[in-house]
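**Q** Given the coordinates of chain A, work out where chains B, C and D should sit on it, guided by the hints.
Protein chains: 4
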Amino acid sequence: MQLGPTLIDDTFAEAFGMRYCRLIVTAADGYWLDAAVREFSGYSASVIACDAEIGIERRLSPAESPDGRVGVSLLVFGFSTDALAKAIPNRTGQCLMTCPSTAVFNGLPHSETKIPLGKHLRYFGDGYQKGKLISTRRYWRIPVMDGEFIVEDVLGVERGVAGGNIILQAREQSVALAAARRAAEAVHAMPGVIAPFPGGVARSGSKVGSRYKGLKASTADAYCPTLRGRVLCNLHPETNCAYEIVIDGETESAVGQAMVAAMQAAAGEGIVAITAGNYGGKLGKFHFHLHKLLS
Amino acid sequence: MQLGPTLIDDTFAEAFGMRYCRLIVTAADGYWLDAAVREFSGYSASVIACDAEIGIERRLSPAESPDGRVGVSLLVFGFSTDALAKAIPNRTGQCLMTCPSTAVFNGLPHSETKIPLGKHLRYFGDGYQKGKLISTRRYWRIPVMDGEFIVEDVLGVERGVAGGNIILQAREQSVALAAARRAAEAVHAMPGVIAPFPGGVARSGSKVGSRYKGLKASTADAYCPTLRGRVLCNLHPETNCAYEIVIDGETESAVGQAMVAAMQAAAGEGIVAITAGNYGGKLGKFHFHLHKLLS
Amino acid sequence: MQLGPTLIDDTFAEAFGMRYCRLIVTAADGYWLDAAVREFSGYSASVIACDAEIGIERRLSPAESPDGRVGVSLLVFGFSTDALAKAIPNRTGQCLMTCPSTAVFNGLPHSETKIPLGKHLRYFGDGYQKGKLISTRRYWRIPVMDGEFIVEDVLGVERGVAGGNIILQAREQSVALAAARRAAEAVHAMPGVIAPFPGGVARSGSKVGSRYKGLKASTADAYCPTLRGRVLCNLHPETNCAYEIVIDGETESAVGQAMVAAMQAAAGEGIVAITAGNYGGKLGKFHFHLHKLLS
Amino acid sequence: MQLGPTLIDDTFAEAFGMRYCRLIVTAADGYWLDAAVREFSGYSASVIACDAEIGIERRLSPAESPDGRVGVSLLVFGFSTDALAKAIPNRTGQCLMTCPSTAVFNGLPHSETKIPLGKHLRYFGDGYQKGKLISTRRYWRIPVMDGEFIVEDVLGVERGVAGGNIILQAREQSVALAAARRAAEAVHAMPGVIAPFPGGVARSGSKVGSRYKGLKASTADAYCPTLRGRVLCNLHPETNCAYEIVIDGETESAVGQAMVAAMQAAAGEGIVAITAGNYGGKLGKFHFHLHKLLS
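Residue numbers (this note's numbering), protein chains in the order written: chain A, 1 to 295; chain B, 1 to 295; chain C, 1 to 295; chain D, 1 to 295.
Derived from the structure by calculation, the hints contain no laboratory data. These figures come from a predicted structure and were not determined experimentally. Check each hint, because a few of them may be wrong.
[As the list claims (entries may be wrong)] A short, non-exhaustive set of chain C residues, derived as facing chain B with CB atoms under 10 Å:
hint : residue
1    : Asp29
2    : Ala176
3    : Asn240
4    : Gly268
[As the list claims (entries may be wrong)] Chain B is nowhere near these chain D residues, computed Cβ spacing over 10 Å in every case:
hint : residue
5    : Arg38
6    : Ile150
7    : Ala186
8    : Arg230
9    : Val231
10   : Glu250
Ideal Cβ placement from N, Cα and C applies to all residues, glycine included.
Same shape as in the complex, but just chain A:
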């Protein structure tokens, strides 16, 4: 199957069920909002070695945000509800409570499963914190140097889909970089998804296992162009550079649509092929067949 000049491999991306939360963060203006987002969403590319996978879902205008200020909707994915219950309060305390002017709200208020956020952070107030119930939602006002940090008591948790992906392949690195950026910008514009790797893109794919004892993962040699000829190679014969766009989302449908947007944006002159990463189909319960997505 072709998408313009680009061959689309007849294969599938294998994705996994994960849990996620949505945080709505607001701030006094765009400078402080960006400062908060940068601090909160760093060091969060992959749950293989980070505590969470985090990205911006979308920006909120003052008219859309809960307190009439500029805001952002962040999605945070973790292996389990427990993992999120540990990671998010830690990061919120270090990265958002510390950031001038921010407030934090629950973006999944209707979820049955909940984890503590303000319920946990409030103790930083050393007894001076105050609860506030508005309709059915509880907030905490924690005294800080610029007044009070407003943070919602709990966050809803839902089941999401993580690890949707495409792998784009090019003859030259600058062509691949340009296509990767286009794909990442296309995913960022889609609702309900994030691309958690740096700039939305991963370059160091990994396989399970290693020849070194004690290491659980190592470079995905079958996708390393410089190893062609020494190992079994899964890349198109003309490929000298490949990048992976990894996509986490609220639903199977959101991930699939984002994969389509990523393929359409990436395909083009110099992109010899687009494939996807899977583990034979036995590990992850979601299979995104590229040809089916595009038809």
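**A** Chains B, C and D in isolation, oriented as in the chain A frame:
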């Protein structure tokens, strides 16, 4: 003492000896360099609860960078050489090796103390990595999907100074935010220092101890304007909003000069006072007296 | 009338009928799109001395844009259809045709009134340009160094509303700057409007006439805080700093809604009053009464 | 001659003597400084159809700037002193005087030739403006809504060099775009130069004359890849996409060094050749031979 309309308290900032490394990171262009920096330097405001304090020291033009590409010099502070030896390889593996097109170099090549970087990460190459000695410095070429990730074998470690600070105080939050931003921008322009908090500024100052068992730190109530009257207050009587600019640097002199730049940028209309945080002078070996710095 | 702590003057903004076009500009990625927008929308604050008033209406995802690339919708306001017919081809030739990878489309395809764009620029192709009709719309392919510049033959022109405004007033400049930025960010998030002044804000309001012969306009002395006591002052007695957010939009309703968003974002601590600029109501046919808008 | 995999043509760039001014612009913080720069430096790619060629020379820290705030040094090139004397006050009045919090200073105080700036703009003050002499330099304080706009009386004018250039050529557009961006970023990092086209790069090169009467310039068909075979082609036979980086600078040496930086940054995989634009050497008095620059 006055700095224009702003009272400068007769007090001092108390800072600590910490260890630091300098990473030189380069990338194909500004988009990917920023992606790398965002990923690497998030979740790094304070070693009280993060694994390191990280910030951009300065940007490097292609002419200044080791491989002729755009680059950045990052400073990473930790409690000890061991703490850095753990945090930096983890973050480099998750945030820089994963990021398209980056390379990582040792920015302190003459230091006697060294920690492993590529020496550790190379195992990700699963036996396909290659070492390369150029003059006296060793680099590793680790096969990844876009070719090879180049990373220096070791990083130098030096003794630095962490926790220099000023606390600016205003009647109104928007005045304080503006002054905080001016101060942060002034510090970012100084050599040899970083301001590791979000946007360069901290709003949730902490004191040692808590009324809740098991918590080691809690809000610095003496600096919370909303608690005035209920607790002993260290703020100027007219202050309704305060922010702290925390500064880590290579030397006592670099930190002191950055504090001066921060005070000069922050002082002005509506900033009633500038003070500094200390612990009575017994914990940290560096004391920065505000009046002495400004005279 | 109060909006929180801020007095809303019982007055109105006086706005004018102007003509506008909508350009859809696309580019290879966000870097080049921003380069195109910066070049095209500079030097365009006010038609009093510029050839047009220009701003970003909104950003377009690849899925929304006409050629599947990242895009932007720009609104361009002018005194007349003739003025737009002169300004827009000049600017497009200098700022967009010169910019790597861009294409330009008509964002008002259903308008009856049309001005030439590609119809005019095509002559740059020196006879090598080619027309292309897709459905009922004609495009030109002009050979340039990176291939072909695609530009639509004509642009639709509609009647819009220009000069909606609010003037916010504060005791201190940093408070006023913060409120102005909040208001500008709120307007940027509203559909169908632009705020054409730098950063969305004007600080040098003008009155008609001058004591110097030959000058048609001079500083609006009644709104200059430093002249209080020397001239009749229209500012609140506590005001030391004022800023105007000027809003142009597609319809009276779009401008009015953006003024509401601007007032709600600007009002707050330290903003003593919000007023609006008018000329007694005799020059402009649109009158936006602040109290009516907010009720 | 080769620069890595890239052929460097044995030719020269032909540049011209032009006049330039340096404006130092400061503002309250980076948001307003960027707003001022965007407004002032748009619509300024080429004096063939704009009133000036404008770009950022470098950013100034508070410690370097004349009033202790963040600043920027802008270079403005024009055909003549008279052209600058017309363009700069117009743009300053529309783009900087209107922008919240800015001030404007003369960055060439030692030049013998001077043009009026504040001397001209002061009349906007309608008689309320005030002059101020500090040492030998005169400033004007013009009352505006946020207080006073500070602007220096005159600007120095010097002889500079405009139109230095390289033309990079690639097989594929995305390779060319990446190289163009690298080159532009390299030029931006060099002192004493600007790259006035959008994002630093021009794609619609022009030749003198046209087959259409009344048009003075038309597309440089010899550099249009899609016209190969129909016209005499100056491009490398494998080139499908070319971009020009145009460089204006203070001195012949500054322009030459920036051309070297641009070539070093642009050359690489997929860039088949780098050439330069000239008019046979008879129009411009400065000739930059690529081979000589690189040796």
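**Q** Kindly indicate which numbered hints from before are broken by the structure, ordering the numbers from low to high.
**A** Of the numbered hints, just 7 does not hold.
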